[in-house]
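Protein chains: 2
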Amino acid sequence: MPGLDNVLDALDNDLDAALDRLKGFLRLQSISTDPAYAQQCLDAANWLTSELSDIGFEAKRHDTPGHPMVVAKSPNQSDDGKRLLFYGHYDVQPVDPLELWARDPFDPVIEQQNGHDVIRGRGSADDKGQLMTFVEACRAWKKIHGHVPPNLTLFFEGEEESGSPSLVPFMQQNKELLDADLALVCDTGMWDTQTPSISTMLRGMVGEEVTITGPSRDLHSGMYGGPAINPIRVLTRILAELHDDDGRIMLPGFYDGVDELPDAVKAQWQSLNFDEAAFLGDVGLSKPAGEPGYNVLEQIWSRPTCEINGISGGYTGEGFKTVLPSVAIAKLSFRLVGNQDPEKIADALHQWVIDRLPEDCTASFKSKDGSAATVMPIDDPVFAESLKALSDEWPKPAVYMGCGGSIPVVGYIKDILNMDSLLVGFGLDDDAIHSPNEKYNVASFHKGARSWARILDAIQ
Amino acid sequence: MPGLDNVLDALDNDLDAALDRLKGFLRLQSISTDPAYAQQCLDAANWLTSELSDIGFEAKRHDTPGHPMVVAKSPNQSDDGKRLLFYGHYDVQPVDPLELWARDPFDPVIEQQNGHDVIRGRGSADDKGQLMTFVEACRAWKKIHGHVPPNLTLFFEGEEESGSPSLVPFMQQNKELLDADLALVCDTGMWDTQTPSISTMLRGMVGEEVTITGPSRDLHSGMYGGPAINPIRVLTRILAELHDDDGRIMLPGFYDGVDELPDAVKAQWQSLNFDEAAFLGDVGLSKPAGEPGYNVLEQIWSRPTCEINGISGGYTGEGFKTVLPSVAIAKLSFRLVGNQDPEKIADALHQWVIDRLPEDCTASFKSKDGSAATVMPIDDPVFAESLKALSDEWPKPAVYMGCGGSIPVVGYIKDILNMDSLLVGFGLDDDAIHSPNEKYNVASFHKGARSWARILDAIQ
Numbered sequence: 005m006p007g008l009d010n011v012l013d014a015l016d017n018d019l020d021a022a023l024d025r026l027k028g029f030l031r032l033q034s035i036s037t038d039p040a041y042a043q044q045c046l047d048a049a050n051w052l053t054s055e056l057s058d059i060g061f062e063a064k065r066h067d068t069p070g071h072p073m074v075v076a077k078s079p080n081q082s083d084d085g086k087r088l089l090f091y092g093h094y095d096v097q098p099v100d101p102l103e104l105w106a107r108d109p110f111d112p113v114i115e116q117q118n119g120h121d122v123i124r125g126r127g128s129a130d131d132k133g134q135l136m137t138f139v140e141a142c143r144a145w146k147k148i149h150g151h152v153p154p155n156l157t158l159f160f161e162g163e164e165e166s167g168s169p170s171l172v173p174f175m176q177q178n179k180e181l182l183d184a185d186l187a188l189v190c191d192t193g194m195w196d197t198q199t200p201s202i203s204t205m206l207r208g209m210v211g212e213e214v215t216i217t218g219p220s221r222d223l224h225s226g227m228y229g230g231p232a233i234n235p236i237r238v239l240t241r242i243l244a245e246l247h248d249d250d251g252r253i254m255l256p257g258f259y260d261g262v263d264e265l266p267d268a269v270k271a272q273w274q275s276l277n278f279d280e281a282a283f284l285g286d287v288g289l290s291k292p293a294g295e296p297g298y299n300v301l302e303q304i305w306s307r308p309t310c311e312i313n314g315i316s317g318g319y320t321g322e323g324f325k326t327v328l329p330s331v332a333i334a335k336l337s338f339r340l341v342g343n344q345d346p347e348k349i350a351d352a353l354h355q356w357v358i359d360r361l362p363e364d365c366t367a368s369f370k371s372k373d374g375s376a377a378t379v380m381p382i383d384d385p386v387f388a389e390s391l392k393a394l395s396d397e398w399p400k401p402a403v404y405m406g407c408g409g410s411i412p413v414v415g416y417i418k419d420i421l422n423m424d425s426l427l428v429g430f431g432l433d434d435d436a437i438h439s440p441n442e443k444y445n446v447a448s449f450h451k452g453a454r455s456w457a458r459i460l461d462a463i464q
Numbered sequence: 005m006p007g008l009d010n011v012l013d014a015l016d017n018d019l020d021a022a023l024d025r026l027k028g029f030l031r032l033q034s035i036s037t038d039p040a041y042a043q044q045c046l047d048a049a050n051w052l053t054s055e056l057s058d059i060g061f062e063a064k065r066h067d068t069p070g071h072p073m074v075v076a077k078s079p080n081q082s083d084d085g086k087r088l089l090f091y092g093h094y095d096v097q098p099v100d101p102l103e104l105w106a107r108d109p110f111d112p113v114i115e116q117q118n119g120h121d122v123i124r125g126r127g128s129a130d131d132k133g134q135l136m137t138f139v140e141a142c143r144a145w146k147k148i149h150g151h152v153p154p155n156l157t158l159f160f161e162g163e164e165e166s167g168s169p170s171l172v173p174f175m176q177q178n179k180e181l182l183d184a185d186l187a188l189v190c191d192t193g194m195w196d197t198q199t200p201s202i203s204t205m206l207r208g209m210v211g212e213e214v215t216i217t218g219p220s221r222d223l224h225s226g227m228y229g230g231p232a233i234n235p236i237r238v239l240t241r242i243l244a245e246l247h248d249d250d251g252r253i254m255l256p257g258f259y260d261g262v263d264e265l266p267d268a269v270k271a272q273w274q275s276l277n278f279d280e281a282a283f284l285g286d287v288g289l290s291k292p293a294g295e296p297g298y299n300v301l302e303q304i305w306s307r308p309t310c311e312i313n314g315i316s317g318g319y320t321g322e323g324f325k326t327v328l329p330s331v332a333i334a335k336l337s338f339r340l341v342g343n344q345d346p347e348k349i350a351d352a353l354h355q356w357v358i359d360r361l362p363e364d365c366t367a368s369f370k371s372k373d374g375s376a377a378t379v380m381p382i383d384d385p386v387f388a389e390s391l392k393a394l395s396d397e398w399p400k401p402a403v404y405m406g407c408g409g410s411i412p413v414v415g416y417i418k419d420i421l422n423m424d425s426l427l428v429g430f431g432l433d434d435d436a437i438h439s440p441n442e443k444y445n446v447a448s449f450h451k452g453a454r455s456w457a458r459i460l461d462a463i464q
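Sequence order for the protein chains is A and B.
Counting with this note's numbering, you get residues 5 to 464 for the letters of the first sequence.
Counting with this note's numbering, you get residues 5 to 464 for the letters of the second sequence.
So here's chain A without its partners, still in its complex pose (with noise of 0.2 Å):
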């Protein structure tokens, strides 16, 4: 009976042809956000749609009031195995400014770059290469056992770079269709180019923008300097009282559901080494600012933030003009960890502004839709068996990352179709998604659909 090396094996020998594959595939210019490119991302939804036909799924264009949505699923069903939901994205960033990149970001090549076979194109990375790496995987698979993989949902959209605006009412009204077990999402990125990963724990997001309003309309300060209260002042010293000195976050309750890390992620995340160092001295930074007794990772993957994201008042062009403004505004945002919940958070910031408030001055919100963090239950098998498939395949052992954003669609999975997400991709630091001369690299391409064999035939 065939196995899993023959279904390596077939990689290993389509490579060059899958390498065509996603080439056709790049050059489909599926910008999302740009109406102009509307033909272009219909026509990779039907080039999606057509290969998953060819290679054994029944797949099917959903049409929306966007992009189209494509799913596809397994035809055979086995009664043990899992049921797996793949999600990815056919779109791509723009490719302005275009006289940055070295080529036409549309006729991707196979270039060398620091001494690694890459594919350079826009959406190389991000997202065709990694959802093409479980599609090539699906297709060995199909050529080795005569049939795809079993209970799998392949299920990809088209405007994940433009706010994913279809995303939510689509899967709403479709939860059936793409109900599964586990949800597999490639969308993130390895260690480094010789370690997999599966990231674990993603942060929360909360957005807030606060107005003070003082005066009815904008003063001369030689006029009413000194009497009249400036709603810049007031909200500096509402924003200042916002943190202690050590950085930790004031608001009553903040820290409510921040836990510790677990001792063993701790141990493991200090395995990697990581070097605080580059990290912050590549931006100019020599010092982590966030709480005492946390290291950099820590920081970014399990501690939660209270960022000033942007603030404006008064008088802010070229020289001076002696005004006492109206009104002041900050942008406020939150990384949540753990089980923070955004709407209390939401609901503590108001009230910390409206105590400080002095007489004379109002506030008001506007708030961003929240998201809670996400956190993987990774003492579920599927955690360790992908670790050790994705170990099997790469240099290193694989390890459990955490990540610093948010990744929406994660969320949505769980809340509207209430099921974890197994996230493992293939990217790496120097891709440059969202940027000029985005490239993909081989290996990530090759062995991330080794990968997915693997994890494939270790989970189902």
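Calculated directly from the structure, the hints in this document are not laboratory data.
Note that the structure is predicted; figures quoted are calculated from it, not measured.
There are no misleading hints in this set.
The list makes no distinction among identical chains, and a pair is therefore deemed to hold if it is satisfied within one copy or across any two copies.
Derived DSBU-like pairs: lysine-lysine, alpha-carbon spacing no greater than 30 Å straight-line:
| # | residue 1 | residue 2 |
| --- | --- | --- |
| 1 | Lys64 | Lys179 |
| 2 | Lys418 | Lys348 |
| 3 | Lys86 | Lys392 |
| 4 | Lys325 | Lys348 |
| 5 | Lys325 | Lys291 |
| 6 | Lys418 | Lys270 |
| 7 | Lys325 | Lys370 |
Chain B: place on chain A using the hints.
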């Protein structure tokens, strides 16, 4: 021998002709800030030179790299009279938005407004109407006495509304020409339509822009939030400490040179029965925000301030962007009183910021030329004499006023020509200077000229 009464009678009899002359002056579109009006500025300088020559002054236009100065001197000297330098400006503000004017800004007319005759037109109050009060007083004086008042120098610039770039160099190069015992400046206002005033205290100013730099580039808060220092947070903490809870300014040495108001002045200001509730209520406020223990007028006229006039950093557009910015900027100004030293205060601010910088942050500063406060020597008998002269002319006794802002020329006169200034003007709060539909009350113009005749008679 003819006396003051004859001069006053002459002013009364000549009012219609004086208004016609003012209208002619107002028709010249001497907008100094717009190069398209350079010829009109020249015309206004020539018009003034010619008028002053006709009256009997030795008048001369002095060309500069910008718009010309006009200097006119009494041909007659008197050994016992005070030598006086009268300052005014013949340039005017731009008129846009033109659609908000009820009529052509440069076609002046006499109209009624709130029961008062007013002359409407750009520059009617600021400063053509005001300066002509003095010129008309001299004209009537000549008519009665056969000569203009002795020991006078009249000094007019044409760049007051565009930053006076030529003023300081001209004063420095013409100290002898402009030399006198006392300056008269007619660019201020009355307390109300019934009550003339002398402005004896002007606040000075220090302007400082503070830039805090943290990371070498903007960062993503998902990637760096926690370990990366946020310069907005640093800036808000530094600014928040500048005032204590009572609004007292915490910069070391800030209050050096700030004296308590003399009891007599305090009592006089109190007698003005200033309507604090209306003043604050007009701009949506109800409670004076300055230091406790000082009323609103005292806070504006006699107390120093530290204001944040502008703040910016990070993303300030619509919606949210989770950026950790590289820089944050604040524009600050300090209004100074008494003998506060602008340079020491700028230095204290720099040190204050530097002392509070955390590791990995730097600060840079841009300074605006500072100016000390002006406190007139009201013990000089000329002040009491002028107060009495004004009180003789108007329905209510004249008062000493402060001014929350600065009048730069007063500082230059002090620093370069070593002269105090007597600030007398007849503007009113509703004159709409710098705004559409500027006007000057005919009573301000006529009784203003009569006031100058009385003052000249009293102090020379």
